[in-house]
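Asker: The listed protein sequences correspond, in order, to chains X and R.
Residues in the first sequence are numbered from 1 upward in steps of one, following UniProt numbering.
Residues in the second sequence are numbered from 1 upward in steps of one, following UniProt numbering.
Note that these hints are calculated values from the structure, not bench results.
Remember, predicted model here, so these are calculated numbers, not experimental data.
Hints should not be assumed to be uniformly reliable.
Since copy identity is lost for identical chains, a pair holds within one copy or between any two.
Claimed, not checked - In silico EDC-like cross-links for lysine to aspartate or glutamate, where the CA-CA straight-line distance does not exceed 20 Å:
no., residue 1, residue 2
1, K261, E232
2, K129, E77
3, K261, D61
4, K59, E25
There are 2 protein chains.
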Amino acid sequence: MKTIGIVGLGLIGGSFARAYKAADETFVVYAAEQDQSTLQFARLLGAIDGELNRETLGKCDGVLVCLHTELSCQWLEANAPFIPASALAMDCCGTKRRICELGFRLARQYGFEYAGGHPMAGTHRWGFKNSRADMFRGASFVVVPRVYDDVTLLERVRSFVMPAGFQRLAVTTAENHDRLIAFTSQLAHVVSNAYVKSPTAREHHGFSAGSYRDLTRVAWLNPTMWTDLFLENRDHLLFEIDQILGELRQYRDAIAAGDEKRLWRLLEEGRRRKEEVDG
Amino acid sequence: MKTIGIVGLGLIGGSFARAYKAADETFVVYAAEQDQSTLQFARLLGAIDGELNRETLGKCDGVLVCLHTELSCQWLEANAPFIPASALAMDCCGTKRRICELGFRLARQYGFEYAGGHPMAGTHRWGFKNSRADMFRGASFVVVPRVYDDVTLLERVRSFVMPAGFQRLAVTTAENHDRLIAFTSQLAHVVSNAYVKSPTAREHHGFSAGSYRDLTRVAWLNPTMWTDLFLENRDHLLFEIDQILGELRQYRDAIAAGDEKRLWRLLEEGRRRKEEVDG
């Protein structure tokens with residue numbers, strides 16, 4: 001797969017473009033981007049070869065839609081008829097149920113192949129200016145295929161995305177993806193954003209180290225993008241927020257009661273869980 | 001200050017010993033450590049010059065007590081009569097009200113100088129085996145002096161601890177230290193430990209990136225040490241836990257209600273706070 005169309009030159013789309021061109025000069029990358037100066041800049045940098053339009057879209061082996069869910073859906077609706085039947089189209093949306101349902105339906109209708117995707121990488125910053133050729137180095141790429149055990153498709157996905165630097169693929173369903181991402185990513189953003197709201201935050205300089213820095217890093221988020229992602233994944237995210245609220249209340253009660261044994265047990269359970277899961 | 005006594009060769013005491021010897025071979029470091037093999041090992045490594053006992057304690061210009069609060073109190077009670085009047089003694093406990101009250105009283109009684117200390121550095125690992133000469137590089141060292149604006153004392157503290165690699169001193173009261181640390185460090189450990197308890201944690205591999213890793217890093221804590229620190233700082237920590245519980249409930253309610261505007265506003269407020277505080 002050597003001719004790639006990228007829709008949206010933000011943090012993710014921009015990083016894909018840079019990564020392909022850095023990996024192998026023979027990749028041809030076309031990009032669609034509303035902001036004309038970003039498009040020009042990316043072309044001057046050599047991150048893309050030209051604009052993605054109906055004509056160049058027709059030459060693509062692979063198409064990566066790297067917009068927020070709403071805009072990704074709109075782009076697919078409008079452009080599905082022009083995606084070649086020989087191409088594999090994928091999105092990079094942070095939640096997968098809505099976009100995959102649409103992508104699978106349009107793929108059946110117009111004859112191209114479709115799979116949902118989600119690179120497990122990023123930063124709390126956004127936009128092309130923060131994109132990097134090595135953004136995906138060592139990360140995993142989550143794939144949501146139409147048919148779970150379609151080996152041929154998986155090989156196509158592999159040859160499509162691995163040159164961008166990923167270390168491995170993880171295959172799952174849209175439902176399972178959204179359930180897991182509510183915990184690994186969405187809850188982290190909610191907690192981090194809530195953490196920094198303590199009035200004490202304003203006085204932390206000189207009194208903080210790695211734990212404060214780590215807990216609040218992703219507080220600095222894009223509110224519009226995350227509002228959409230959270231509301232789209234409301235069921236799973238509410239489960240996780242309720243979960244941590246319940247857990248936090250247990251520590252709170254043990255501390256309020258001065259119950260040393262109970263507090264120790266709560267902390268030891270958390271330590272043990274962390275060790276089991278990541279040790 | 002060239003002859004230093006270190007009480008306890010754990011993560012912090014061990015790092016101080018290594019840091020002094022790495023900074024300047026003319027430092028003479030004596031250490032008290034219950035675990036004889038750690039003591040031997042530290043001597044073989046050249047991290048210490050010998051054992052801290054009543055005789056060598058009498059030669060020290062500076063004494064650093066690097067044990068948990070309870071043991072630090074016990075050590076000070078037992079050894080205060082043998083600390084030379086010319087010496088500056090400090091502790092490195094994670095909470096400061098109890099230890100400073102004792103240290104200040106003993107210092108008045110026996111004639112030596114005392115200040116509370118707290119290096120703003122560490123890792124979630126513990127013990128001498130995880131100590132490092134560069135642990136404090138670039139970190140701040142919090143000082144709790146007996147008299148807040150005692151310039152002479154501050155100069156002594158500076159010449160005592162800065163060779164270990166700190167970038168700056170922060171001066172405060174024990175009360176204010178404990179209030180701030182409840183937010184910057186203790187709450188982070190509670191939240192992280194609670195976070196990893198979601199049943200979803202067991203399935204995160206391949207579906208997580210930096211935000212999960214950062215949020216759960218300090219879940220892997222020493223339950224005994226943190227139980228003591230949390231209970232000693234109960235008032236301030238409860239304030240912070242209640243604070244984040246209240247904030248989290250707001251996101252929860254906005255998400256449950258599908259209230260896009262309210263959710264956006266909550267996220268934007270958090271983003272703005274993070275920017276104000278750390279931008």
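Asker: Each of the hints needs a verdict: does it hold here or not?
Answerer: Checked hints:
With identical chains, the CA atoms of K261 and E232 are at most 20 Å apart between copies only, with a shortest distance of 14 Å across copies and 41 Å within one. For a Cα distance limit of 20 Å, the shortest separation of K129 from E77 qualifies neither inside one copy, at 28 Å, nor across copies, at 59 Å. When the C-alpha separation of K261 and D61 is checked against a cutoff of 20 Å, the pair qualifies neither within a copy, at 61 Å, nor between copies, at 40 Å. Taking the shortest alpha-carbon separations for K59 and E25, only the intra-copy value of 17 Å comes in at or below 20 Å, while the best inter-copy value is 68 Å.
Against the hints set out earlier in the document, violations occur for numbers 2, 3.
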